[in-house]
Amino acid sequence: MVKAYVVFGGLVLAALTWTHYTGWGPSDVTEQKVKSVRNNPGSYRSAYGGRSYTGAK
Amino acid sequence: MACGNCGAVLDAADPEHQLIAQYEANRVAPGIPLGTRGTIGGQTYEVIGYLVRKVVKEPYTWSEYLLHNPIHGQRWLVEYHGHWTLTRLAPGVPKVKKKVARYEEVDYRHFQTAKAELVAVVGEFPWTPRIGEKAVVEDYIAPPRMLSVERSQQESTWSTAEHVEGAVVWKAFGLPGRPPTRIGVGAAQPSPYAGVGRPMFLLFSSFLALAVLVQLVFAVFSQQRLVADLNGEYRPGTSDAAQVISEPFALSGRTSNVMVEISTNAANSWVYFTLTLVNEDTGVAKTFGREVGLYSGRDSDGFWSEGANWDRAYLPSVVSGSYVLLVEPEGPHAMHWRVRLTRDVPRPLWLWLALGALLLPPAIFLWRRAAFENQRWSESDQASSDGDDD
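Sequences listed follow chains S and F, in order. Position 55 of the first sequence, counted from 1, bears residue number 55 in this note's numbering, the numbering being contiguous throughout. Position 218 of the second sequence, counted from 1, bears residue number 218 in this note's numbering, the numbering being contiguous throughout.
Honestly, the hints are just simulated from the structure, not real lab data. Please note that the accuracy of each hint is not assured.
[As the list claims (entries may be wrong)] Pairs of lysine to aspartate or glutamate residues, derived as DMTMM-like cross-links and limited to a Cα-Cα distance of at most 20 Å, are as follows:
| hint | chain 1 | residue 1 | chain 2 | residue 2 |
| --- | --- | --- | --- | --- |
| 1 | S | K33 | F | E150 |
| 2 | S | K33 | F | E280 |
| 3 | F | K286 | S | E31 |
| 4 | F | K286 | F | E306 |
| 5 | F | K286 | S | D28 |
| 6 | F | K97 | F | E58 |
| 7 | F | K98 | F | E150 |
[What the hints assert, rightly or not] For each label pair, taking beta carbons as the anchor points, the in silico distance ranges come out as:
| hint | chain 1 | residue 1 | chain 2 | residue 2 | range |
| --- | --- | --- | --- | --- | --- |
| 8 | F | Q382 | S | A14 | 44 to 52 Å |
| 9 | S | W18 | F | N374 | 38 to 46 Å |
| 10 | F | S205 | S | Y21 | 50 to 58 Å |
| 11 | S | T22 | F | R102 | 54 to 62 Å |
| 12 | S | T22 | F | D281 | 16 to 24 Å |
| 13 | F | N231 | S | W18 | 29 to 37 Å |
| 14 | S | A14 | F | E247 | 34 to 42 Å |
| 15 | F | K171 | S | A14 | 41 to 49 Å |
[Claimed, not checked] A short list of chain F residues far from chain S (calculated; beta carbon distances all over 12 Å):
| hint | residue |
| --- | --- |
| 16 | H72 |
| 17 | R102 |
| 18 | R178 |
A virtual CB, placed ideally from N, CA and C, is assigned to each residue, including glycine.
Please work from the sequences and hints to get the whole structure.
Written out as structure tokens, the structure is:
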């Protein structure tokens with residue numbers, strides 16, 4: 001039991017270090033390839049553009 | 001001397017072997033046959049007697065084997081629900097105070113007191129056993145040891161016992177098959193969790209300290225650099241601040257996160273932000289949405305509020321490069337907003353999750369140890385008491 005805890009604790013600490021180092025985390029980010037925004041700002045609309053949000057109160 | 005075949009009890013001290021009693025209804029077959037020899041506790045013994053006792057008016061029954069060695073004398077091998085103890089007479093009398101018996105520098109906790117009755121007997125004994133013979137038995141435990149006192153009208157006899165595995169007994173006497181299956185936890189059965197509590201606690205403390213240290217190291221050495229700070233006025237139905245694009249900014253260093261902080265002056269309203277972080281070098285856009293909303297008022301219970309007009313989120317694993325941020329607010333009311341991006345921020349959430357994960361095994365260990373002890377003490381007079389064997 002103690003040995004298993006040593007291994008488990010080591011893995012948790014390694015995971016903590018790794019997440020901090022890489023900045024990893026769960027997210028609901030949508031990724032897509034776009035053309036230059038700086039040269040033509042109006043050309044880009046976000047993935048959410050165009051829909052009407054009706055959430056909240 | 002009690003005969004296993006006819007149930008007769010004879011007085012061996014009498015040259016005529018006078019028949020004292022006959023208990024045909026109480027004939028028994030010992031699990032370890034009389035006459036069997038075996039080495040247990042470092043000594044060779046022969047099984048010369050066997051008796052069965054039960055708690056008066058209770059369904060608890062146990063067996064006792066009388067072992068004999070011409071040099072070392074007698075021992076008792078006691079079996080209850082597959083749990084075995086090797087017992088010998090205690091030299092000296094333990095001191096009993098407040099349900100704790102102290103003997104040879106060891107404290108034994110009171111386990112149970114019962115009135116026991118002899119219900120079956122076979123073999124030779126140093127006294128003349130009689131069916132129905134009663135005695136009050138008190139057990140005190142300090143697993144794997146046990147201290148018992150048997151009080152009859154004539155005398156009080158203290159004995160010490162030590163837990164023995166059934167497999168050891170079977171091997172010692174060369175018995176075929178397997179020992180009786182264990183039921184529950186024996187009074188003197190050593191806990192598999194004994195002695196583990198301290199190392200577990202020390203390990204948890206060490207892991208806790210290391211986790212906090214990791215957090216501190218990243219808190220000190222992470223960039224935590226403000227890379228973008230945008231603000232604007234939003235008016236619904238107009239083009240005012242409907243879409244704001246930042247000046248290009250650099251995200252440097254290793255791949256790490258970006259913290260996004262949104263603040264507004266929204267009151268009794270909501271705002272939904274569509275945020276897009278565009279990597280100018282690769283053309284990859286990360287789009288995500290965040291909502292803020294703050295409501296408050298007064299009712300019969302007084303002031304109330306719900307939600308917040310600010311928000312914080314983390315964009316994970318953002319590679320270095322030149323970026324722009326696109327902000328698109330949306331909501332029913334006009335308001336002022338501000339969005340700030342900070343590069344490489346250690347999230348406190350990971351520390352809390354790590355601490356939770358590190359706490360889990362000790363918590364499971366404590367729960368299982370308590371469950372084991374509860375099972376042990378459920379057989380005692382103090383069933384509601386929790387044992388602590390550490």
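Do the hints match the structure? See the list:
no.	hint	verdict
1	K33/S - E150/F	violated, 86 Å
2	K33/S - E280/F	holds, 10 Å
3	K286/F - E31/S	holds, 5 Å
4	K286/F - E306/F	violated, 30 Å
5	K286/F - D28/S	holds, 10 Å
6	K97/F - E58/F	violated, 27 Å
7	K98/F - E150/F	holds, 19 Å
8	Q382/F - A14/S: 44 to 52 Å	holds, 45 Å
9	W18/S - N374/F: 38 to 46 Å	holds, 40 Å
10	S205/F - Y21/S: 50 to 58 Å	violated, 25 Å
11	T22/S - R102/F: 54 to 62 Å	holds, 59 Å
12	T22/S - D281/F: 16 to 24 Å	holds, 19 Å
13	N231/F - W18/S: 29 to 37 Å	holds, 35 Å
14	A14/S - E247/F: 34 to 42 Å	holds, 39 Å
15	K171/F - A14/S: 41 to 49 Å	holds, 44 Å
16	H72	holds, 38 Å
17	R102	holds, 31 Å
18	R178	holds, 27 Å
The earlier numbered hints that this structure contradicts are 1, 4, 6 and 10.
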